[in-house]
Amino acid sequence: MADFVTLVVAGLATGALYALTAIGFTLLWQTSQTINFAQGEFVMLPAFFMLAAMNFHLPFWAAIAIGFVLSTAILGFAFKKLLVDPMLRHGVLPLAIATMALSTFLKESVKTFYSAEASPFPSLAPDVDLHLFGVTISWQNVAALVVALAAVFALQYFLNQTLLGRQMQAAAQNPTAARILGVPVERTILYAFLINGTLVAVASLLISPVYLAKFTNGETLGLAAFVAAIVGGFNQIRGAIVGGLLLGVVDNLSAAYLSTQYRGAIPMALLIVVILFKPDGLLGRAEERTV
Amino acid sequence: MSAKAQTLIGLLGLAIVAAFLILTPLTLHRYGIYILSEWAVMTIAAIGLNLTLGYAGQVSLAQGAFVGIGAYAAAILTTHGWPLIAALALALVLCFAIGWLLGYPALRVQHHYLAFVTLAFSTLAFLVFRNEFWLTGGTEGIDGVPRPSIFGLSTTPDLRYYYFCLFVLVLAALGALGLVRSPWGRAFLALRENPIRAMSLGVDTRRYILMAFAIGSTLGGLAGVLYAPLVGLVEPPAFALTLSFDLLMMVIVGGSGYFAGPFVGAMVAVLLPEWLRFLETYYLILYALLVMALLIYSPTGLVGIVDRFVVRRRTKAASAARAALSASIERRAS
Amino acid sequence: MTAVLEVVNLKKRFGGVAAVDGVSFDVREGEILGIIGPNGSGKSTLFNCILGQLAPSEGDVRLDGRTTTGMRPCDLNRLGVSRTFQLLQIFPKLSVRNNLILAAQEHQGTILTRLFGRRDAGLGEAADRMIAFFGLDHLATEPAGGLSYGQQKLLDAAMAFMSGPRLVLLDEPAGGVNLAMLANLKDRLKAFSEERGATFVVIEHNMEFVMSLCSRVLVLAEGKVLAEGSPAEVRANPTVIEAYLGR
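Residue numbers (this note's numbering), protein chains in the order written: chain A, 1 to 291; chain B, 292 to 625; chain C, 626 to 872.
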């Protein structure tokens with residue numbers, strides 16, 4: 001039983017990271033019909049910005065700040081202006097392919113310009129285990145869960161309680177009506193990209209201490225984010241959260257209790273079942289279809 | 292330019308390309324011949340995906356899995372003494388059936404949802420390739436896949452196997468061309484452009500969607516059957532999700548829905564990295580940059596650029612003709 | 626007089642709203658029936674239910690006595706029913722000729738014979754005749770996207786006629802068309818009706834179009850049949866006037 005709880009908590013921690021990645025992915029889709037196949041690499045990259053800063057002998061907190069700034073600027077602003085804007089009016093698919101190329105570009109760039117080896121990354125939390133009611137939980141997991149959930153709640157607050165956040169939601173649901181109502185739609189889309197740039201930096205900061213900073217980190221994480229987003233509900237941020245946590249727990253439990261060889265099959269099977277029988281996800285609302 | 296002149300130029304261009312494809316390998320070393328053979332094989336798979344996606348409008352991220360099914364069928368049967376033709380028959384039937392089944396999700400969901408379902412299928416197929424040791428040799432795969440003998444002539448020499456692949460490519464291309472030019476081509480286009488209107492005109496969209504998947508997947512399987520003897524070793528990483536992504540990229544970069552698209556796209560995906568190899572470690576980075584730049588400039592791909600140019604000239608000529616006509620009418624009236 | 630189409634107590638609800646609320650009528654062979662009504666009266670929804678685009682919540686649709694409720698549009702088309710849409714829907718990338726061939730090709734042979742048979746599915750001459758019938762001769766090989774709006778409307782109607790249907794449902798065929806083209810369209814509809822003995826049901830807002838073309842008119846309001854009769858009768862009906870102009 002104690003093991004089970006440890007697994008669930010670890011699963012929730014991983015799930016929280018999936019959720020962070022999935023939220024950004026969903027946000028981009030919702031606001032601008034962008035499917036970002038490079039989302040995993042977006043999470044992999046900021047850690048390297050931070051490591052590079054530390055190589056210039058900057059203290060950790062400064063490196064983190066620089067990482068966040070660069071991530072928001074490059075993976076948020078530059079991504080939108082240089083890649084998304086020119087391509088969006090031509091349809092979803094060409095842009096999706098372009099993000100596939102982008103993921104290769106980012107991966108290979110890190111491999112070539114930084115290192116092909118895994119680099120250790122300092123952690124925010126002490127590398128100690130917590131013993132609570134006979135259950136062993138690592139501080140890392142707790143930190144990941146807490147920070148991720150804090151980020152998520154902050155985002156939810158922003159989206160629901162602030163004017164700008166509500167404008168973003170309006171722009172996502174019905175850009176034409178929002179424009180008529182005076183919502184600066186183009187700017188809210190930009191904010192969505194900037195938020196994603198920040199969220200992936202948070203995820204990067206949390207994931208790199210555990211898995212080490214490596215250029216291949218994006219691969220499994222990206223796939224997990226897609227699955228989490230769809231399973232939870234591609235139309236809602238809340239869906240990404242639920243999907244991420246669920247996926248993390250299911251993944252961890254199935255690895256422990258089922259065959260490890262087919263561990264990757266569970267998320268895939270879940271994805272197929274959800275898409276075919278409840279395409280709007282476990283939490284999603286029906287997407288509007290025009291006849 | 293008259294239609295006759297256009298056809299003549301088209302045929303001339305085709306002849307030049309054919310001459311290039313037939314004669315150049317005679318001057319190449321082993322690796323060059325291998326790359327060209329790989330191009331031919333990937334083009335077949337890309338032609339299949341172009342039918343499913345480019346013509347019928349159905350997104351599929353599973354084409355790589357079908358190449359894998361074909362490759363494993365070839366590897367398993369030929370290493371047990373069966374002739375390649377038997378593997379071919381099995382692979383085609385298997386891929387058609389599984390492709391048909393994969394079409395059913397497409398009846399329920401479309402676009403990005405369909406992309407993810409096919410992506411999941413691709414990943415599951417990879418897991419089967421990797422885990423079922425008794426069938427597929429597991430992570431080590433199957434080695435020593437022999438090259439076939441065609442009418443008693445062995446294709447073990449690389450050059451001969453290349454011509455064999457080229458021959459199959461031509462057959463596949465002619466088959467695809469025949470399909471696209473037939474009423475099916477019109478039905479596929481209708482299905483892609485406006486499925487609701489298509490249905491109201493009697494187009495059985497359900498049947499055509501399943502067909503599009505089945506046929507596209509079968510061509511993927513055909514490519515796989517050729518791939519196995521080409522490389523000699525069939526192992527799971529070659530058929531992972533990356534292959535499906537690469538094939539999708541070939542179709543889009545070449546030009547989705549254009550007949551020449553897959554040929555050009557496969558050329559970019561297979562040959563361009565080789566030409567960039569002199570850049571050593573940077574070649575993949577540059578390749579990715581070029582792909583992004585191309586897509587930004589022309590989301591309809593490379594063939595799309597040519598098409599736009601041709602259309603622009605045609606409309607200019609048409610407007611000029613109209614202007615001349617109205618001018619001559621005015622002159623006559625005055 | 627046999628009823629080609631029978632609609633029996635058709636209802637269609639979207640959530641709590643009944644867009645079509647118990648509509649029943651017959652369409653007699655060879656007639657041109659007009660359906661009019663204020664915006665939101667459920668006319669297009671009615672068409673969509675008859676034609677299999679939507680599944681009715683209640684009620685039945687019968688074609689020549691055979692129940693076709695909920696049948697797929699492509700199957701209905703093969704039984705001899707065709708339609709146009711309110712929003713013009715031709716295939717801009719195909720030539721005019723190919724649009725017409727597409728409109729009837731699924732009625733030729735089987736799916737396999739169409740793969741291996743002639744490129745135009747044997748419809749080349751029929752397409753040319755239809756092009757001549759609608760006066761689109763000089764545009765036969767033009768991509769349909771390059772035609773003017775009125776010409777596209779004609780093409781749209783032509784596509785509906787191509788498969789030689791017994792019953793044609795036209796959803797606002799006169800929408801956005803200039804007077805000259807309108808006269809042409811009306812003329813073609815009448816000619817087709819007389820030549821082939823086809824039955825028409827036309828949704829329209831253009832009163833003059835409806836009154837001069839249709840032998841019988843049905844008035845819909847708030848999902849229900851308000852009135853039925855000859856154009857003159859309907860025009861004089863006080864409840865109809867009230868529904869349109871309000872009090």
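Please note that the accuracy of each hint is not assured.
[What the hints assert, rightly or not] Listed below are the simulated EDC-like cross-link pairs for lysine to aspartate or glutamate, each with C-alpha atoms no more than 16 Å apart in a straight line: (1) C:Lys849 <-> C:Asp646; (2) C:Lys849 <-> C:Glu820; (3) C:Lys811 <-> C:Glu656; (4) A:Lys81 <-> A:Glu219; (5) C:Lys718 <-> C:Glu767; (6) B:Lys607 <-> C:Glu767; (7) A:Lys111 <-> B:Asp598; (8) C:Lys718 <-> B:Glu571; (9) A:Lys111 <-> A:Glu186; (10) A:Lys214 <-> A:Glu108; (11) A:Lys214 <-> A:Asp129; (12) C:Lys718 <-> B:Asp598.
What the hints contain is simulated information worked out from the structure, not anything from laboratory work.
Structure-based check of each hint:
1. C:Lys849 <-> C:Asp646: 5 Å, holds
2. C:Lys849 <-> C:Glu820: Cα-Cα ~33 Å, so violated.
3. C:Lys811 <-> C:Glu656: 14 Å, holds
4. A:Lys81 <-> A:Glu219: 25 Å, violated
5. C:Lys718 <-> C:Glu767: 9 Å, holds
6. B:Lys607 <-> C:Glu767: Holds, at roughly 15 Å.
7. A:Lys111 <-> B:Asp598: Outside the cut-off at roughly 38 Å; violated.
8. C:Lys718 <-> B:Glu571: Roughly 44 Å separates the two Cα atoms, so the pair is violated.
9. A:Lys111 <-> A:Glu186: Judged against 16 Å, a Cα distance of about 35 Å means the pair is violated.
10. A:Lys214 <-> A:Glu108: Distance ~11 Å between lysine 214 (chain A) and glutamate 108 (chain A) Cα, so the pair holds.
11. A:Lys214 <-> A:Asp129: 24 Å, violated
12. C:Lys718 <-> B:Asp598: Given that 16 Å is the threshold and the Cα spacing comes to 13 Å, the pair holds.
Comparing the model with each earlier hint shows violations of hints 2, 4, 7, 8, 9, 11; every other hint is respected.
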